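Undergrad: Sequences listed follow chains A and B, in order. Numbered according to my numbering, the first sequence spans residues 1 to 205. Numbered according to my numbering, the second sequence spans residues 1001 to 1401.
Derived by calculation from the structure, the hints in this document are not laboratory data. Careful: at least some of the hints might be erroneous.
Unchecked claim - Simulated crosslink set (DSSO-like; lysine-lysine; CA at most 27 Å straight-line):
#1 A:Lys92 <-> B:Lys1218
#2 B:Lys1356 <-> A:Lys79
#3 B:Lys1065 <-> A:Lys79
#4 A:Lys59 <-> B:Lys1321
#5 B:Lys1065 <-> B:Lys1321
Please read these numbers as outputs of a predicted model, since none were measured by experiment.
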Amino acid sequence: MNKAAFILEQGKVAERLMEKYSKDRRLEADRNNEPVLWAKDAKDAKVLVKSFMLDDNFKIDFLSDLTAYDNQDGEDGEKRFVVVYQLYSLEKHIRIRVKAAVDLNESAETITDIIPAANWLEREVYDLFGINFTGHPNMRRIMMDERFVGHPLRKEYPIKQRMGFDDNVQFHLGGHELHVDNTLLEDGSPADTQNRATALPEGGK
Amino acid sequence: MSPKTNVHTLQDFYNPNVLINLGPSHPAMHGTLRVMCRVNGETIEDAACEIGYLHRGIEKLGETKNYHQWMVYTDRLNYCSALNNNIAYAMAVENLMNITPTERCQYIRVICMELSRIIDHIICVAINALDLGAMTVFWLLYHWREEAYTMIESMCGMRLTTTYARIGGMSYDLPDNFLERLWKFCEEMPKALDEVEGLLSSNRIWIDRTKGVGVITKEDALKYACTGPTLRSAGIDHDLRRDRPYYMYPELEFDVVVGSNGDVYDRYLIRLEEMRQSIRILKQCHDRIPMGPLWVNDKRVQIPEKMDVYTKMEVLIHHFKIFMEGIDVPPGEAYTCVEGPNGELGFYIVSRGGPKAWRMRVKSPSFMLFQAFEKTVKGGKIPDAVAHLGSVNIIAGELDR
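Construct the complete structure from the given sequences, taking the supplied hints into account.
TA: So, in structure tokens, the structure goes:
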């Protein structure tokens, strides 16, 4: 695809977004002329992602990135955070960015059930910003230690604050469940008597 | 085998919940990666990856350093292909400021990116082979990696952490004999690739260890948003250099290499062929690179000539302002990505004006690849996990940021 055709394609996307999706939503263009669509709220963002994947004009099938940024200065509305979804179509090679504002006491909606790749990305947003994603299968910290307090990418978190831990956590399987063998012996006692490992350390989750 | 005597049943010896820890510091783990496995015999039944051992808060630093200062942190993302990161970042800031680099600059950048792609693929293939016991490949390829690093050293004075790109240009122009050396490299390096291909591609042991191992299927690759050679090995024809063209790529001829099985062997073949394609691009760049200015003629970003800084007052002030205050980037945002050696490397910068970014997001390919690794390593054996991990080439610096 040459550059002119590509710009044309991107223009079509914006037109289509304008036609069908811009009711009650704000449509912007970023500095690369890629469309940015503001969802009404966090729930609406998921609805948008879903409908973009079904829309034949976009054929979105790929999550490039999921991140967030702190909106402490209030430039982008009153709510504290903005969750950003970078969507991409491998077939049409177009990008659409969906943004949803999320307040401090609000939580966003997980999209792991539509795009499993969002799993770690949402965990990262949770870890670094403290935004919860409802319905996420494994909402744990990912970059920081599980005993860490605070969310480093919030603007109020100081750059030089360190947090040390003097010992290690007990070995576990990162929130994944252990295999449970339910077969019973002839006398009715459970076959799986050995319970050497635990899924999570005490009070881990 | 009587089930009544509880002591001697098979179940007593079978514990499905044996946890085994791989990494974070083990030579086969390529940096500080940790995989916690639940094994049954030698089969990995479940795996949980833990990351963050190399987390340095690079994104947070991006909000506190100005745009120039942060350039050095991009070296420390994927430290195997620092040039690629430098240029991707410079491109991201230039897009925010609506700056198009000069033609010569663009050619130099393409040369740098392809050179770093070759280096990265060399590391991946050589180390993967080394993990599986083939040391000769390592020596053969690392000779050329050294050669490439020496060339990079002549360009910018550094080997690993290059910091070569600048916003609006490059820190130095190409040295005098660079193009001749590049040509020599392009002529001789493929011979090493032929040799490696002769050693590995039809080698019984290599095939046994890699074919059908660490399979990332087409569906998985899409689901877990893999990019780069891993995505292409699964049979998806996607390359940002061709599909979302930047710089001189639309004018250069190269083929996108696509595999079909998504296993370690396919990824190895793809990396070898991509190195040849990079050589092809380098040769075209060698022929076409024009003379002309290196820097854009834009007072906002242009770093003045050193000689003028020493001799002219205004230029000295300009120099001082660029480096002490930083460049002023207008408010706005942009997501800019390039086809890095491992996949899509993107920078999402939100600017609120001023010399510092409001949000500096690095979309690293390794992050998505490691997530896919966690899901696809299940069902394989522990030695296969090592082969698999080596072939997707996850770099901890980029993974943890």
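Undergrad: Confirm or reject each hint.
TA: Tested hints:
no. : hint                    : in the structure
1   : A:Lys92 <-> B:Lys1218   : 18 Å, holds
2   : B:Lys1356 <-> A:Lys79   : 22 Å, holds
3   : B:Lys1065 <-> A:Lys79   : 26 Å, holds
4   : A:Lys59 <-> B:Lys1321   : 47 Å, violated
5   : B:Lys1065 <-> B:Lys1321 : 15 Å, holds
Hint compliance for this structure: hint 4 alone is broken.
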